[in-house]
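Protein chains: 2
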Amino acid sequence: MESLEMGVATSQERAGALARAWQQLMGLPKNSMAKVAELAKKAMNLGKDDPRRITHSLKVGVALSLVSLIYYYQPLYNSFGVSAMWAVMTVVVVFEFSVGATLSKGLNRGLATFLAGALGVGAHHLASLSGKTGEPIMLGFFVFLQATGSTFMRFFPQIKAKYDYGMLIFILTFALVSVSGFRQEEILEFAHKRLSTVVIGGSACLIVSIAVCPVWAGEDLHRHIALNMEKLANFLEGFGDKYLRESEDDASNRDESLFRGYKSVLGTKSNEESLANFASWEPRHGRFGFRHPWKQYLKIGASIRQCANRIEALDGYLTTKFHAPPQVQIRLKELCAEMSMEAARALRQLSSSHKAMIVPSSATPHLENSRAAVKALKSLLETASRKDATDLLAIVHAATVTSLLIEVVDCTDKIAESIDELSSLAHFKTAEKEKKHVECKEVVLTVSAPEATVSPENGTSPGRLDPAPVV
Amino acid sequence: MESLEMGVATSQERAGALARAWQQLMGLPKNSMAKVAELAKKAMNLGKDDPRRITHSLKVGVALSLVSLIYYYQPLYNSFGVSAMWAVMTVVVVFEFSVGATLSKGLNRGLATFLAGALGVGAHHLASLSGKTGEPIMLGFFVFLQATGSTFMRFFPQIKAKYDYGMLIFILTFALVSVSGFRQEEILEFAHKRLSTVVIGGSACLIVSIAVCPVWAGEDLHRHIALNMEKLANFLEGFGDKYLRESEDDASNRDESLFRGYKSVLGTKSNEESLANFASWEPRHGRFGFRHPWKQYLKIGASIRQCANRIEALDGYLTTKFHAPPQVQIRLKELCAEMSMEAARALRQLSSSHKAMIVPSSATPHLENSRAAVKALKSLLETASRKDATDLLAIVHAATVTSLLIEVVDCTDKIAESIDELSSLAHFKTAEKEKKHVECKEVVLTVSAPEATVSPENGTSPGRLDPAPVV
Numbered sequence: 330m331e332s333l334e335m336g337v338a339t340s341q342e343r344a345g346a347l348a349r350a351w352q353q354l355m356g357l358p359k360n361s362m363a364k365v366a367e368l369a370k371k372a373m374n375l376g377k378d379d380p381r382r383i384t385h386s387l388k389v390g391v392a393l394s395l396v397s398l399i400y401y402y403q404p405l406y407n408s409f410g411v412s413a414m415w416a417v418m419t420v421v422v423v424f425e426f427s428v429g430a431t432l433s434k435g436l437n438r439g440l441a442t443f444l445a446g447a448l449g450v451g452a453h454h455l456a457s458l459s460g461k462t463g464e465p466i467m468l469g470f471f472v473f474l475q476a477t478g479s480t481f482m483r484f485f486p487q488i489k490a491k492y493d494y495g496m497l498i499f500i501l502t503f504a505l506v507s508v509s510g511f512r513q514e515e516i517l518e519f520a521h522k523r524l525s526t527v528v529i530g531g532s533a534c535l536i537v538s539i540a541v542c543p544v545w546a547g548e549d550l551h552r553h554i555a556l557n558m559e560k561l562a563n564f565l566e567g568f569g570d571k572y573l574r575e576s577e578d579d580a581s582n583r584d585e586s587l588f589r590g591y592k593s594v595l596g597t598k599s600n601e602e603s604l605a606n607f608a609s610w611e612p613r614h615g616r617f618g619f620r621h622p623w624k625q626y627l628k629i630g631a632s633i634r635q636c637a638n639r640i641e642a643l644d645g646y647l648t649t650k651f652h653a654p655p656q657v658q659i660r661l662k663e664l665c666a667e668m669s670m671e672a673a674r675a676l677r678q679l680s681s682s683h684k685a686m687i688v689p690s691s692a693t694p695h696l697e698n699s700r701a702a703v704k705a706l707k708s709l710l711e712t713a714s715r716k717d718a719t720d721l722l723a724i725v726h727a728a729t730v731t732s733l734l735i736e737v738v739d740c741t742d743k744i745a746e747s748i749d750e751l752s753s754l755a756h757f758k759t760a761e762k763e764k765k766h767v768e769c770k771e772v773v774l775t776v777s778a779p780e781a782t783v784s785p786e787n788g789t790s791p792g793r794l795d796p797a798p799v800v
Numbered sequence: 330m331e332s333l334e335m336g337v338a339t340s341q342e343r344a345g346a347l348a349r350a351w352q353q354l355m356g357l358p359k360n361s362m363a364k365v366a367e368l369a370k371k372a373m374n375l376g377k378d379d380p381r382r383i384t385h386s387l388k389v390g391v392a393l394s395l396v397s398l399i400y401y402y403q404p405l406y407n408s409f410g411v412s413a414m415w416a417v418m419t420v421v422v423v424f425e426f427s428v429g430a431t432l433s434k435g436l437n438r439g440l441a442t443f444l445a446g447a448l449g450v451g452a453h454h455l456a457s458l459s460g461k462t463g464e465p466i467m468l469g470f471f472v473f474l475q476a477t478g479s480t481f482m483r484f485f486p487q488i489k490a491k492y493d494y495g496m497l498i499f500i501l502t503f504a505l506v507s508v509s510g511f512r513q514e515e516i517l518e519f520a521h522k523r524l525s526t527v528v529i530g531g532s533a534c535l536i537v538s539i540a541v542c543p544v545w546a547g548e549d550l551h552r553h554i555a556l557n558m559e560k561l562a563n564f565l566e567g568f569g570d571k572y573l574r575e576s577e578d579d580a581s582n583r584d585e586s587l588f589r590g591y592k593s594v595l596g597t598k599s600n601e602e603s604l605a606n607f608a609s610w611e612p613r614h615g616r617f618g619f620r621h622p623w624k625q626y627l628k629i630g631a632s633i634r635q636c637a638n639r640i641e642a643l644d645g646y647l648t649t650k651f652h653a654p655p656q657v658q659i660r661l662k663e664l665c666a667e668m669s670m671e672a673a674r675a676l677r678q679l680s681s682s683h684k685a686m687i688v689p690s691s692a693t694p695h696l697e698n699s700r701a702a703v704k705a706l707k708s709l710l711e712t713a714s715r716k717d718a719t720d721l722l723a724i725v726h727a728a729t730v731t732s733l734l735i736e737v738v739d740c741t742d743k744i745a746e747s748i749d750e751l752s753s754l755a756h757f758k759t760a761e762k763e764k765k766h767v768e769c770k771e772v773v774l775t776v777s778a779p780e781a782t783v784s785p786e787n788g789t790s791p792g793r794l795d796p797a798p799v800v
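Chains A and B, in that order, are what the protein sequence lines are. First residue of the first sequence? That's 330 in the numbering used here, and the numbers climb one at a time after it. First residue of the second sequence? That's 330 in the numbering used here, and the numbers climb one at a time after it.
Source of the hints: derived by calculation from the structure; they are not laboratory data. From a predicted model like this one, the values you see are computed outputs, not experimental measurements. Misleading hints may appear alongside valid ones.
With a straight-line Cα cutoff of 35 Å, these simulated DSBU-like cross-link-like pairs (lysine-lysine) come out [unchecked claim]:
| no. | chain 1 | residue 1 | chain 2 | residue 2 |
| --- | --- | --- | --- | --- |
| 1 | A | LYS489 | B | LYS461 |
| 2 | A | LYS628 | B | LYS377 |
| 3 | A | LYS489 | B | LYS598 |
Build the full structure now, drawing on both the sequences and the hints.
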């Protein structure tokens, strides 16, 4: 009986295993289909996030096809021969996403090929003077010396930043030309062909890169800076509006990704540096002149990052509710909210005037308002302490939050300063139209918001910033 | 008279201008000499800062000379011919500073050349089926399709991180092989020669890179993490020792570059990421296995950076003297100093055990001490507030500094946690020798420092961490 049962069991098991294997086998195409679908979805998202990626891919395809015409068209092939491949290679290696990067690589490659080619021909000539046995030794020595020296030069920070690729091509071309000369009779022709094919490839890249939907690194950097200020403003607005003014239930409703967008600002240094480097290679385009002060963008970027750092420190305190001695709680919250909202408004104004490339005068009133709120806050703390005995532990949280917020406001001032500098360096226009607009608005505000009637909810009118303590 | 004076003046001026021009002309060689001297000094410093730079340069020179032997040695040249230049090119492009980077580039290049070569031969075969007129059109279409697709694939973050260079070589080789096939009869030989010369060049790089003073990216990353912890400890030590314990005159004497070393920690993210990427390509070496958890290093790096961020926020408050209500000033300063010093000690222990790759148990008592100080601090603030009325403004500064310092201690805990994780992931040894050493020390401490006799200067014995308020 038992053995029979066991037999049944094993046969069942076997059947089960078989069925499973069959399912897996059938599932294979399904799985791979699912994977392909997932991949396609990812690719769609990549393209949707930045459609310029699709254009760029097509542009590379076009440039490469253009250059490979040298192979197909007999007269062209006759004059270049196998060297045509240098053109293909140049296109693949030089064509980068932005015009600036392509220009930087192309010019580096062209110039380095020219210099190293000339030097290689010279080295070959010098080596050939020392006879048949001496020549390879001399050549090897030259190549060794040049490679060692140039590789070491790549460690110089200034060279690494702008001419690293050029140094690489310099080593490469020198070695190729001088060593090939040992075998080929027409070394001058070899060097000349290499240079002209590199120039053809580089030109194809540049023409396609600039003529078809150009991507300017400078424009990217300009927009990137404006966007980062917006991100800081989003946090400060959320902080003032949700954390300080409303209940904790609402706090959980806030749009997290918008609120914590500042986090992506923290690690942008290297990206900004390479964008500024590429931008400095770009010719005049759109609203950007040839000598646009791109270095100033790095300064602005640094102060934005510093502000984001302070905001991160502040963010660490938002897990608990705002906690202050009851007698100052309402007024303190109100002033902090005021500071935060005004700093956010100033950042938004700075961002939009930066985007439009006009002098950021419209941000000034908001900056002044936030500074006035800081003063009011200090005098509030002084008066309050004179009047009441207070719980130390209760004040620690509030004091820290307030103090960090004041730091954030200071950073906002710094950002405004560096943007002011940029606007004078780059000769931004003063916004006369904008001015009239703002003046009209101010008249409306002073009429509708007299100094006396300030409710905690209406904490943004200029009148309520009088530093006289209210508590 | 006037005209005479003027004549004298102009002739004097002219003589002056001539003299100046002469001086400048004479100064030219002097100036250029000075510039050359300056350059030489910079180069010396670069070499002194990291002597591996000099070794690396020499290694590149050696590898390049080795590979160019193909040109000089007749039997070798007979079998490769002009294709020998691919070997030269591979060495120049693939040889990177660390073994991991060289391996990553070499493997990428080798594999991509193999795959693209095979695919290129296939494409050429397919195109040749469509007749003499159809062939270039088909080839052009294939090249366009492949270049566009592969360029787009380079935007996938996972591919960009590890296989970007491989994709580039894939596009390049496919275009070269398939298009060259239109002109050359022996396309298989072309592809084969290209692959074998690339393999020769890559092998030369790898052999020289590993055999002569190898630079391991993994070891660099490991040391870099330990060094960064030291930098944080330096700040915390300076903060506890100089800022909190001594007068302001001494504060100016502190070693600024050591004290503010934490600033260099802030922008290390991209550097750490590339080091971890390269390290993951490296074979087993020294104390690092093949599957060493390099990703955990990124986690540790992130928590170190977060701690540095908090320290930067704290640093902003050190411009003014520590400012607290007089009745708690001494005790508060003392506890803050305690926290700071203990956190610094914990970081130093973590750093040294990380460097030696042993389980960081010796840091635990210091971490506990700093946590105990945090508790004592909180209870001090509570008791003080119950007893005395106090000046709000006076407490804001102290409260903020204290609160930020508590955050720093929390971050230290996080660093310790992530290093603990690493030590279990990477199977660090427990330090049995180290253990005995620590036990001996503890016995000495409990004997020499009884709980009652604690002076403010001697604020580091474990006994004084009792949270009972002293004020």
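(request) For the pair supplied as a hint, LYS489/A and LYS598/B, confirm whether the alpha-carbon distance does not exceed 35 Å. (result) With Cα atoms ~19 Å apart, LYS489/A and LYS598/B stay inside 35 Å; holds.
(message) Does LYS461/B sit within 35 Å of LYS489/A, going by the straight-line distance between their CA atoms?
(response) At roughly 48 Å apart (the allowed maximum being 35 Å), LYS461/B and LYS489/A break the hint.
(request) Please work out if LYS628/A and LYS377/B have their alpha carbons no farther apart than 35 Å. (result) holds (31 Å)
Violated hint for the displayed structure: number 1, the only one.
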